[in-house]
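*Asks:* Assemble the whole structure, with the sequences as input and the hints as a guide.
Heads up, the sequence shown is in this note's numbering, so the first residue is 13 and it goes up one at a time.
Dumping the calculated EDC-like pairs for lysine to aspartate or glutamate here, alpha-carbon to alpha-carbon at most 20 Å: (1) 291 to 192; (2) 99 to 290; (3) 99 to 192; (4) 291 to 205; (5) 255 to 315; (6) 322 to 71.
Calculated directly from the structure, the hints in this document are not laboratory data.
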Amino acid sequence: MTLQEMDLRGENYSTATGFIILGFSSRLSYQQMLFGLFLIMHLVTLGGHMTIVLVTLVDPALHIPMYFFLRNLSVIEICYTLVIVPKMLANFLAGNHRISLVGCATQMCFFIALGGAECFLLAAMAYDRYVAICNPLRYTLIMSRPLCLQLLTVACTSGFLLSLGLTALIFHLPFCHSHEINHFFCDIPPVLEVACSDTHADEVAVFLVCMLILMVPFLMILASYVLIVASILRIHSAQERRKAFSTCAAHLVVAVLHYGCAIFIYIRPKASYALEQDKVVSLIYTNVTPMLYPAIYSLRNREVQGALRKVWDRIFLL
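*Replies:* Printed below as a string of C-alpha cells:
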C-alpha cells in the first residue's frame with residue numbers, strides 16, 4: 013500500500029490510503045462459522061423488514077401514521093444493515109481485509125446518517141403515540157400526511173447533515189503507520205484510535221454530535237412516555253388501559269434497545285473504551301437488534317398479524 017510519509021511536531025506519521033479491518037478471529041474455521049451464522053441472521057433481518065414494508069403497503073387498514081413510520085423505520089433498517097453486514101461477511105471469507113480510505117469514510121458516513129435518521133424517526137414515532145393516546149379526538153387532524161412526511165424528511169435530513177460534518181471532521185486527521193482498525197467496520201472510536209495527531213478537540217466534537225443525535229431524541233421519547241403513562245393511568249377501563257399500553261410497548265422496547273446500545277458506545281469517556289467489549293456491543297446493535305425488530309412489532313400486534321395472514325392468503329391461495 014502506498015503511504016505518503018510526513019513529519020509533524022517531530023513525530024513520524026503517514027497518511028494512509030486505506031485500512032485493514034481486523035474483525036474477530038484469524039482462524040479460518042471460526043471465520044467460516046461466523047460467516048454462516050451472520051449470513052443467516054442477515055437474511056432473516058432483510059426478510060423480516062421487507063415483510064413489514066410489504067404488508068404496510070398492501071393493506072389499506074395499515075395506511076395510518078403509526079405504520080407509515082414503521083414502514084420507513086424498516087426501510088432505514090434494511091439500508092443500515094446493508095452498509096455494514098455485506099462487507100463484514102466478505103471479510104469472513106477473504107484473506108484481504110483491506111478497505112480504502114474513501115470506502116471507510118463512505119461506510120462511516122452512511123452508518124451515522126442512517127443511525128441518526130433512525131434516532132430522530134423513533135422520536136417522531138413517540139410523538140405519534142403521544143397524540144394518539146393523549147389527544148385522540150384530534151389525532152387524524154394533527155397527524156396529517158403532510159406532517160408525517162415533514163417529520164420523516166427532518167429525521168433523514170438531520171441524520172445525513174450531521175453525518176457529513178462528523179465524517180469530514182474525523183477523516184481530516186492524519187492516520188498512523190499501523191492503520192489496522194480493531195473492529196469489524198469503520199466505526200468512530202476505532203478509527204479515532206489510529207489517528208496520530210491530538211484528537212481531543214475531535215473527540216469533544218464527536219461527543220457533542222452524539223449527544224444531539226442520541227440524547228435529545230431519547231429525552232423527547234422519555235418525556236412523551238411520561239405524559240402517555242400519566243394519560244393511560246387516568247383511563248378507568250382496565251381493558252382500554254391494556255390496549256393503550258400494548259400500542260406503545262413495541263416502540264418502547266425498540267427505543268430502549270437502540271438507544272441503550274448506542275449510548276453505551278458513544279456517550280462515555282474515551283478512557284473507558286474497551287474495543288474488544290465494544291465490538292460485541294456493536295455486533296448486537298448492528299446484527300441482533302435489527303433482526304429482532306420485526307418480531308417485536310408483529311408478535312403482539314393484531315393488525316400486523318392480520319395483514320400478514322391476508323398477504324399469505326393472497327400469495328398461496330391464488
